[in-house]
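**Q** Listed here are the chains, written in short residue letters.
There are 2 protein chains.
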Amino acid sequence: MMEYIKKPMEIEDRSFVIIGEEMGEHNFTEEELKIVKRTIHTTGDFDYKNIVYIREGSIDAAKELLKGGVKIYTDTNMAKSGINKMALKKLNCSVECYVSNEEVAKIAKERGITRSMAGVEKAVEDGVEFFVFGNAPTALYKLMELTAEGKASPKFVVGAPVGFVGAAESKEEAEKRLQIPIVTIRGRKGGSNVAAAIVNALMYMVVDRE
Amino acid sequence: MMEYIKKPMEIEDRSFVIIGEEMGEHNFTEEELKIVKRTIHTTGDFDYKNIVYIREGSIDAAKELLKGGVKIYTDTNMAKSGINKMALKKLNCSVECYVSNEEVAKIAKERGITRSMAGVEKAVEDGVEFFVFGNAPTALYKLMELTAEGKASPKFVVGAPVGFVGAAESKEEAEKRLQIPIVTIRGRKGGSNVAAAIVNALMYMVVDRE
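Going down the list, the protein sequences come from chains A and B.
For the first sequence, the residue numbers in full-length UniProt numbering are 1 to 210.
For the second sequence, the residue numbers in full-length UniProt numbering are 1 to 210.
To be clear, the hints were calculated from the coordinates, so they are not data collected in a lab.
Cβ coordinates follow ideal geometry from the N, Cα and C atoms, glycine included.
A hint or two may mislead.
Claimed, not checked - Calculated lysine-lysine pairs in the DSSO-like style (CA-CA distance at most 30 angstroms, straight line):
no.: 1; chain 1: A; residue 1: K49; chain 2: B; residue 2: K49
no.: 2; chain 1: A; residue 1: K89; chain 2: B; residue 2: K122
no.: 3; chain 1: A; residue 1: K6; chain 2: B; residue 2: K176
no.: 4; chain 1: B; residue 1: K122; chain 2: A; residue 2: K7
no.: 5; chain 1: A; residue 1: K7; chain 2: B; residue 2: K151
no.: 6; chain 1: B; residue 1: K89; chain 2: A; residue 2: K122
no.: 7; chain 1: A; residue 1: K7; chain 2: B; residue 2: K106
no.: 8; chain 1: A; residue 1: K109; chain 2: B; residue 2: K85
no.: 9; chain 1: B; residue 1: K90; chain 2: A; residue 2: K106
no.: 10; chain 1: A; residue 1: K106; chain 2: B; residue 2: K89
no.: 11; chain 1: B; residue 1: K90; chain 2: B; residue 2: K34
no.: 12; chain 1: A; residue 1: K85; chain 2: B; residue 2: K67
no.: 13; chain 1: A; residue 1: K106; chain 2: B; residue 2: K85
no.: 14; chain 1: A; residue 1: K90; chain 2: B; residue 2: K122
no.: 15; chain 1: A; residue 1: K71; chain 2: A; residue 2: K151
no.: 16; chain 1: A; residue 1: K6; chain 2: B; residue 2: K122
no.: 17; chain 1: A; residue 1: K6; chain 2: B; residue 2: K106
no.: 18; chain 1: A; residue 1: K7; chain 2: B; residue 2: K71
no.: 19; chain 1: A; residue 1: K109; chain 2: B; residue 2: K89
no.: 20; chain 1: A; residue 1: K71; chain 2: B; residue 2: K6
no.: 21; chain 1: A; residue 1: K176; chain 2: B; residue 2: K7
no.: 22; chain 1: A; residue 1: K7; chain 2: B; residue 2: K109
no.: 23; chain 1: B; residue 1: K34; chain 2: A; residue 2: K85
no.: 24; chain 1: B; residue 1: K6; chain 2: A; residue 2: K155
no.: 25; chain 1: B; residue 1: K6; chain 2: A; residue 2: K106
no.: 26; chain 1: A; residue 1: K34; chain 2: B; residue 2: K109
no.: 27; chain 1: B; residue 1: K89; chain 2: A; residue 2: K85
To be verified - Computed list of chain B residues with no C-beta within reach of chain A, every gap over 12 angstroms:
no.: 28; residue: E12
no.: 29; residue: D13
no.: 30; residue: I54
no.: 31; residue: G68
no.: 32; residue: G69
no.: 33; residue: N77
no.: 34; residue: R111
no.: 35; residue: G127
no.: 36; residue: Y141
no.: 37; residue: V162
no.: 38; residue: R188
no.: 39; residue: A197
no.: 40; residue: Y204
Using the sequences and the hints given, assemble the complete structure.
**A** Shown next, in the form of structure tokens:
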């Protein structure tokens, strides 16, 4: 029958070697490179080398939060699914997404806003400080609004909404308005898988893989 | 404050118009185009125009299965998360993923295979005929093996594993060995988000969006 590698970690290790060989010149630090490589790994798209933005000091800030057992909020269930549960558990961290929450759906309908926006409001009420956006520009805008109003105090944000209407703009605004540790995917690309990959890369810096 | 569109369906409709305007010349049928556009929508990557492969007759086959309330198997929880639950419900379809299943994890460990492979075995035992692969080349290979051995009879397959070790090869093999309705992403690109997008595009052909 067909011959193929059957060990996941072996596949992943070899993948990262190939990515390193093919990505060419860069100015990333060793830790930044781990994030960039993982976004390429999850998409098969070397363009991520050019569009991942990591504000100085953001990796250290994220690592501190993760070590402290932070609660993470994601804008989609897909991003939540993509975050490694074993690593989360080892770090005593947790991840929440409220877009399917009935109360949030009701509030969104009543107020004519997206469930993504209502979800962020609830997360802020819950005291979340670590936000991961892989899909919804509206969620990222809502966090900016709440921050500007002094209602939210995010300590780390992954801004990776994907798309053609508002996504690129939302990330550009976030870089300007959120003067906090932040990782973004510039332009139209991004996605829940990319957002989760960034969180996983950060977790694997502070916890052993299984 | 910032002005931005807050209606998800309006954002999606406008996105599809923009994608259509920017993607340029193509030879896709109207239904094929819906799949291709949705993969671009979920990734922000126009390269999908060149790498989506849809075997003739595959869309009709998938639509028939969906109308019949089929059980879908996905190789990742992320792909499962990305499939629209409201549309699934309207179609009386369901989606399963066994990689986090304890029994499957035990079998995988005992036999030294991936949980993805053991998950496919269990899905085949359960009589699943509609398979969606967004991550694991090993799972796609396992389905090919079981099919060659006469143990599995898949009726529709989405082959979209992403990556640098075995992913492209697994999809090339699948196109050759699985002479059934199939949609693949050629080359290294793909992913759970892309796999889910393909299923959603197919569902939206037979059921109204909310």
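**Q** Each of the hints needs a verdict: does it hold here or not?
**A** Hint check:
1. Between K49 of chain A and K49 of chain B the alpha-carbon distance is near 22 angstroms, which keeps this suggested pair within the 30 angstroms criterion.
2. With a C-alpha separation of about 27 angstroms, the suggested pairing of K89 of chain A with K122 of chain B holds against the 30 angstroms cut-off.
3. Between K6 of chain A and K176 of chain B the CA atoms are separated by roughly 21 angstroms; this keeps the pair inside 30 angstroms, and the hint holds.
4. Only pairs whose Cα atoms come within 30 angstroms are accepted, and K122 of chain B paired with K7 of chain A is accepted, the gap being roughly 19 angstroms.
5. The straight-line distance between the Cα atoms of K7 of chain A and K151 of chain B is roughly 24 angstroms, inside the 30 angstroms bound, and the hint therefore holds.
6. The suggested pairing of K89 of chain B with K122 of chain A holds, with an alpha-carbon distance near 27 angstroms, which does not exceed 30 angstroms.
7. About 15 angstroms separates the Cα atoms of K7 of chain A and K106 of chain B, which keeps this hinted pair within 30 angstroms; it holds.
8. A distance of roughly 18 angstroms separates the Cα atoms of K109 of chain A and K85 of chain B; the hinted pair therefore holds under the 30 angstroms criterion.
9. With a C-alpha separation of about 21 angstroms, the suggested pairing of K90 of chain B with K106 of chain A holds against the 30 angstroms cut-off.
10. Proximity of K106 of chain A to K89 of chain B is assessed by CA-CA distance (about 20 angstroms); at most 30 angstroms being required, the pair is judged to hold.
11. With a C-alpha separation of about 20 angstroms, the suggested pair K90 of chain B and K34 of chain B falls inside the 30 angstroms cut-off, and the hint holds.
12. Between K85 of chain A and K67 of chain B the alpha-carbon distance is near 34 angstroms, which puts this suggested pair outside the 30 angstroms criterion.
13. A threshold of 30 angstroms between alpha carbons decides the hint, and for K106 of chain A with K85 of chain B the separation of about 18 angstroms falls inside it, so the pair holds.
14. Our distance criterion of 30 angstroms between C-alpha atoms is met by K90 of chain A and K122 of chain B, whose separation comes to about 29 angstroms.
15. Proposed proximity of K71 of chain A and K151 of chain A is supported: the alpha carbons are some 18 angstroms apart, at most 30 angstroms.
16. Using a Cα cut-off of 30 angstroms, the hinted pair K6 of chain A and K122 of chain B holds, with the two alpha carbons roughly 17 angstroms apart.
17. For the hint linking K6 of chain A to K106 of chain B, the alpha-carbon distance of about 16 angstroms falls within 30 angstroms, and the restraint holds.
18. For the hint pairing K7 of chain A with K71 of chain B, the CA-to-CA distance comes to about 28 angstroms; that is within 30 angstroms, so the pair holds.
19. Between the alpha carbons of K109 of chain A and K89 of chain B the distance comes to roughly 21 angstroms, so the proposed pair stays at or under 30 angstroms and holds.
20. Using a Cα cut-off of 30 angstroms, the hinted pair K71 of chain A and K6 of chain B holds, with the two alpha carbons roughly 26 angstroms apart.
21. Note on K176 of chain A and K7 of chain B: the hinted pairing holds, with a Cα-Cα distance of about 24 angstroms set against a maximum of 30 angstroms.
22. Restraint check: the Cα-Cα separation between K7 of chain A and K109 of chain B comes to about 11 angstroms, which is no more than 30 angstroms; the hinted pair holds.
23. In summary, the hint linking K34 of chain B to K85 of chain A is not supported, as the alpha carbons are separated by about 34 angstroms, beyond the 30 angstroms threshold.
24. This hinted pair checks out: K6 of chain B and K155 of chain A have alpha carbons roughly 25 angstroms apart, not beyond 30 angstroms.
25. At most 30 angstroms may separate the alpha-carbon atoms for a hinted pair to count; K6 of chain B and K106 of chain A meet this at roughly 16 angstroms.
26. Distance check on the hinted pair: K34 of chain A and K109 of chain B sit about 28 angstroms apart at the alpha-carbon level, within 30 angstroms; holds.
27. Of the supplied pair hints, the one linking K89 of chain B and K85 of chain A holds, its CA atoms being roughly 27 angstroms apart against a limit of 30 angstroms.
28. Chain A draws E12 of chain B into its interface by the beta-carbon criterion, the shortest separation being 8 angstroms against a cut-off of 12 angstroms.
29. With a minimum CB-CB distance of about 9 angstroms to chain A, D13 of chain B fails to clear the 12 angstroms threshold, and the non-interface call is violated.
30. Distance to chain A confirms I54 of chain B as a non-interface residue, since its nearest Cβ pair spans about 19 angstroms, more than 12 angstroms.
31. With a least CB separation of 26 angstroms from chain A, G68 of chain B remains clear of the 12 angstroms interface cut-off, as annotated.
32. Distance to chain A confirms G69 of chain B as a non-interface residue, since its nearest Cβ pair spans about 22 angstroms, more than 12 angstroms.
33. A beta-carbon of chain A comes within 12 angstroms of the beta-carbon of N77 of chain B; the shortest separation is about 4 angstroms.
34. The non-interface label for R111 of chain B is inconsistent with chain A: the shortest C-beta to C-beta separation is roughly 10 angstroms, within 12 angstroms.
35. Every CB of chain A lies more than 12 angstroms from the CB of G127 of chain B, the least distance being 23 angstroms, so the non-interface label holds.
36. A beta-carbon of chain A is positioned within 12 angstroms of the beta-carbon of Y141 of chain B; the least distance is around 5 angstroms.
37. For V162 of chain B, the non-interface assignment is contradicted: its Cβ lies about 5 angstroms from the closest Cβ of chain A, within the 12 angstroms cut-off.
38. Listed as outside the interface, R188 of chain B is inconsistent with that label: its C-beta sits roughly 4 angstroms from the nearest C-beta of chain A, within the 12 angstroms cut-off.
39. A Cβ of chain A approaches the Cβ of A197 of chain B within 12 angstroms, the least distance being about 10 angstroms, so the stated non-interface status is violated.
40. For Y204 of chain B, the condition that its CB be more than 12 angstroms from all CB atoms of chain A holds, with the nearest at approximately 17 angstroms.
Of the hints listed earlier, those the structure fails to meet are numbers 12, 23, 28, 29, 33, 34, 36, 37, 38 and 39, in rising order.
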